[in-house]
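Enquirer: These are the residues of each chain, in order.
2 protein chains.
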Amino acid sequence: MRSIVQVTFVWQEQRGGRREQRQEQVITNGDKTILGLAREQDIKIDATCGGRGRCGRCKVIVHGPANDISKSEEQLLTKEELTGGVRLACYVRPQGNVRIEIPTSRTELVQILTEGSEQAVPVEPDITKEYLVVDKPELETPAGDRERLLAALEQAGHVDSSIPLGVMADLPEVLRKGNHQVTVTRWHNRIVAIESGDTTDELFGLAVDIGTTTVVGGLIDLHQGKELAVAARLNGQAAYGADVISRVEYASNGTSQLRRLQQAVIDTLNGIVAELEDKTGIAASKIHRVVLVGNTCMQHLALGVSPTYIARSPYTPAFSHRIDVMATQLGLAVHPEAVVTFLPNVAGFVGADTVGVVLATGLAERSSRVVMIDIGTNGELVMSYEGKMVSCSTAAGPAFEGAQISCGMRAGEGAIEFVEIGDDIESVVIGGTPPRGICGSGLIDMVAELLRVGIVDETGRLQDAAELEGLAQSLTERIRAGEAGNEFVVAWAAETADGNDLVLTQRDIRELQLAKGAIRAGTKILQKILDIKDEDIDELLLAGAFGNYIRKESAMQMGLLPCIPLERIRSVGNAARVGARQCLISETSLKEASRLALEIDYVELSGRADFQEAFMDAMLFTPGTVSVQDSTEINKKVPRDQAV
Amino acid sequence: MRSIVQVTFVWQEQRGGRREQRQEQVITNGDKTILGLAREQDIKIDATCGGRGRCGRCKVIVHGPANDISKSEEQLLTKEELTGGVRLACYVRPQGNVRIEIPTSRTELVQILTEGSEQAVPVEPDITKEYLVVDKPELETPAGDRERLLAALEQAGHVDSSIPLGVMADLPEVLRKGNHQVTVTRWHNRIVAIESGDTTDELFGLAVDIGTTTVVGGLIDLHQGKELAVAARLNGQAAYGADVISRVEYASNGTSQLRRLQQAVIDTLNGIVAELEDKTGIAASKIHRVVLVGNTCMQHLALGVSPTYIARSPYTPAFSHRIDVMATQLGLAVHPEAVVTFLPNVAGFVGADTVGVVLATGLAERSSRVVMIDIGTNGELVMSYEGKMVSCSTAAGPAFEGAQISCGMRAGEGAIEFVEIGDDIESVVIGGTPPRGICGSGLIDMVAELLRVGIVDETGRLQDAAELEGLAQSLTERIRAGEAGNEFVVAWAAETADGNDLVLTQRDIRELQLAKGAIRAGTKILQKILDIKDEDIDELLLAGAFGNYIRKESAMQMGLLPCIPLERIRSVGNAARVGARQCLISETSLKEASRLALEIDYVELSGRADFQEAFMDAMLFTPGTVSVQDSTEINKKVPRDQAV
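Residue numbers (my numbering), protein chains in the order written: chain C, 1 to 644; chain P, 1 to 644.
So here's chain C without its partners, still in its complex pose (with noise of 0.2 Å):
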């Protein structure tokens, strides 16, 4: 067992107009590099080669014990770095607690990173800038603004150019402001914006991931391709229900209710846009085009569209393929002629976050047999062989994510996240605080070491305390009887921060099973469709903020993952959200994801005999075939952000 270190990542970055000095831990094994643990933690440092040890952009300077300098290193650092401590982020791994400091230029990325997906995508948005000299009016020409215009566009050889009222409107004070000196943004024959004087230098726009619980939005130089900022916000719809059915049902009641939905989301995007507009100092207005995510409920929601039909069988969206709108048809409060994109939907259940994941995961190029998990508020599968892609979704998250558990909440400050059982319960709480309560990634560890040791069957039922041998009585005095069957104590009152017994119950198991039985049950259709065995698995990619934290033991443990090598299963993080900002920057990824989401079969889990058969099976607590693994794989950070 390799020991626990403690990295701590130190960079700057543009805050409002100045930079500013950033920090995240993150606690380790040691096994990773640097860029890995960066990446999964959503740190930015360049490295064009993906990490192959190439291109000797991913600079870092190492305070701290580490391996020792590579070959590769030595060739691609200069004398005066390797002296300074300089190394290669995708060469150095740390061997005790390290600092990592990232230089400034590094921090300012062209391509679009995920955990073991490299994109190299072209910066090449929809969106371009082009300056313009605009005749100026004449007594004898009697031509307006606009027509000038049109005409300076057609000599620059764009013909039948559309310009919105909005546009035209300012175009007066925009053409006299600027001596007949303009610049145009352009989204294919339509005109976005128009400013005085030349702004080609300038290019903004924003990628968002609309989520169920969490809504994440970045905002991205369309020049450098780079991110800028990020800002994320609990989605304000959360007040009308925590999950896709229970907002269905509100916004299914009646138009106003619809529509208090609709504003609820664009209030959480308009906070969202306010607070990168504070970090960057980079206005709203300038913000020309939106790439959205998000499911396609979320999508509906946003849109203003009823999804009601989305909740009834045939389960049948309003809308499924990509929607470009203004934004000012939103409310949206960047530029209101900006153009908002919505990426297209596979069905109902599977939504352009999905076909976000898919695209930056790069799925659908892969040759190998490759199992995508997204456990958000939904949970959506989709499985990949040989370009062949079929999809399915699972009303699977509330557990996971704190909702109908006793003891469960969010992973924010006080929550349970990490759980070992040794002679008693050793766990780790976000932001060192006493416990409030337990989320996903405890709550799947807490069941699986409950599992490991015994005190919970295969059948999901706590045992008494009478029935365990040999098992010490500070774990034992935990077990006592409750409403409905046993409970366990996972802290006492003394412990915790509201001095209540936190208590894991019996039908708190129930949930947890019924949640990661639906997951594991759609895994198993997907792969009977594809002919694809566990063993056969060459790849188990975790989406989402849930899929960055879980311990891929415990989720084995309990069969909520199929028995796989450890190896093969790696986290993506918000891959939706880097889907997203793809397209932003990318045409070319923009179109390929409405061939995605037209390749992604999908499957409707609720007409399949098969899928009720597997999931009383996978109900089960069997982790069957699981390995017995000889690393810990910790992957934490201390202190963990929190509330996104």
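The hints are simulated quantities; they were obtained by calculation from the structure and are not laboratory data.
Hints should not be assumed to be uniformly reliable.
The list treats identical chains as interchangeable, and a pair is accepted whether it falls inside one copy or across any two copies.
Unchecked claim - Once the Cα atoms are required to be at most 20 Å apart in a straight line, the calculated EDC-like pairs of lysine to aspartate or glutamate come out as: (1) 591 x 160; (2) 388 x 599; (3) 524 x 610; (4) 32 x 101; (5) 388 x 140; (6) 44 x 101.
A quick note: this is a predicted structure, and the numbers were derived from the prediction, not measured.
Following the hints, complete the assembly by docking chain P onto the known chain C.
Expert: Relative to chain C, chain P alone:
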């Protein structure tokens, strides 16, 4: 001198779903045919051949003395019809007071008619309806409602259709309510509306003339091409200034002022829409197409685009070509996705209203030398000769609309609209009430008569009573000293509505001189450009309400109009709105409008030295070669519609 006769038209009109009896009276001298008279009053009588006595469609029943039955009528009418008093309106001339019954079937026209220029317009609007059966959703096919609708459209031959957000939002309910049988309204490749079931038998549009003073809208059946109802309102912007320039000034104060003016005219339009709904029983939400004319400034204000630079040299509008927007962008209370077209403008002061008049009168197709004068709040002039058209604008209007004249008022109840001087003043007052003021046509009559009897001389000076020999005392005693020069009592206190003398001042006459001078000078410049002498003018068209009511001899007497034989002068009524209606029912006309706007040359008078000279000249009251007319040519409705 022919005797004056009264013609009473009686017909039925569709109002609010039921037929209503209508009646209108006209006083004439018996020179005109019934068809000609009806057209001047905008009373519809079908005439496919354009009144050339060939089609036999303009049947009316004549009660009272008329000219003899013609050979053509004997051929085109049946024996029963001839004995029943049926005549062809294009042949019959009244020879005493007559009552003209227009058969119901003849009031439903497919043609657009204006006096002297019948345009047979094919009914082919640019929006169409189509009944479609959409595939029902199935569990196996996750395609959204929108995608299945698009597939049905493609099957019907419409590729690349675009479905706006508003239509998509309604789609799930509309599809299911109609059991997936729907009617789509298309405008090119854009879907404007979707309705459950088969509604292809209904298709409605709105044609509007936004005048500076008055806004008139007509609800049009786009299958039949016929007008179902008309409503008119004063332009709500009047509170912010009577003329164009004062509104431009107000709007230039800032965005909120601009918005206020926009809202004012949109409110006016919505009032008209509501009235049309009341009158016809057809829901405003069924109006899927709108065509608007108006002067360039009115168009800017209705669109919320600043007209600031129209009023500053070089008088540049923000736009001049045709603009298409969606109703929802304006807040227009028709179908939210209805396409609203603002017809193209020629220049900052020659707007789409003028283009509408040119279109409706077929000016471009005429080989003769034609002058079109549209005197509204502004005065626009177009001269045409063998396809070449030149236009100009003069700030002539307010005096003719009662503004800037001490006793001036609009042509409403209590306005003196007709004046003759014999031994004393003889006048006709609108509504038959005691006079409250004098409207434009009355003012021209008044001054023309004062000129004729010598009370006003050619320089515009009101003579002293002592200078006038041989005039009746009843006239000379009306002349008295005023604040600046003499004044003339039009009506004594005892006769007026408010009990005060109604007085025409020397300053009033100066205002009229400025106004008529500008128009006459503008006409002269256009004549000079096309090298057309007064006597060579083949036709002079008077557009606008004012043109309908003006007494042509008076206008010539004072030199407002060039001196040409009376029969060459024709009133074409509100031809601007007829042009809008024409574009609404015919895509060919709509395209023609854009071509015309480019073809009509614009002459900026303020840039020309010869205009100043002509203007000085034209201010004099010099009828010049005005030939002595042997007809009084009175063309006057009793009572005249008020305030429209």
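Enquirer: For every hint, state whether the structure bears it out.
Expert: Status of the hints after comparison with the structure:
no. : hint      : in the structure
1   : 591 x 160 : between (23 Å within a copy, 16 Å between copies)
2   : 388 x 599 : within (8 Å within a copy, 59 Å between copies)
3   : 524 x 610 : within (10 Å within a copy, 91 Å between copies)
4   : 32 x 101  : within (17 Å within a copy, 97 Å between copies)
5   : 388 x 140 : between (64 Å within a copy, 17 Å between copies)
6   : 44 x 101  : within (12 Å within a copy, 86 Å between copies)
Figure legend: structure checked against the earlier numbered hints; every hint is met.
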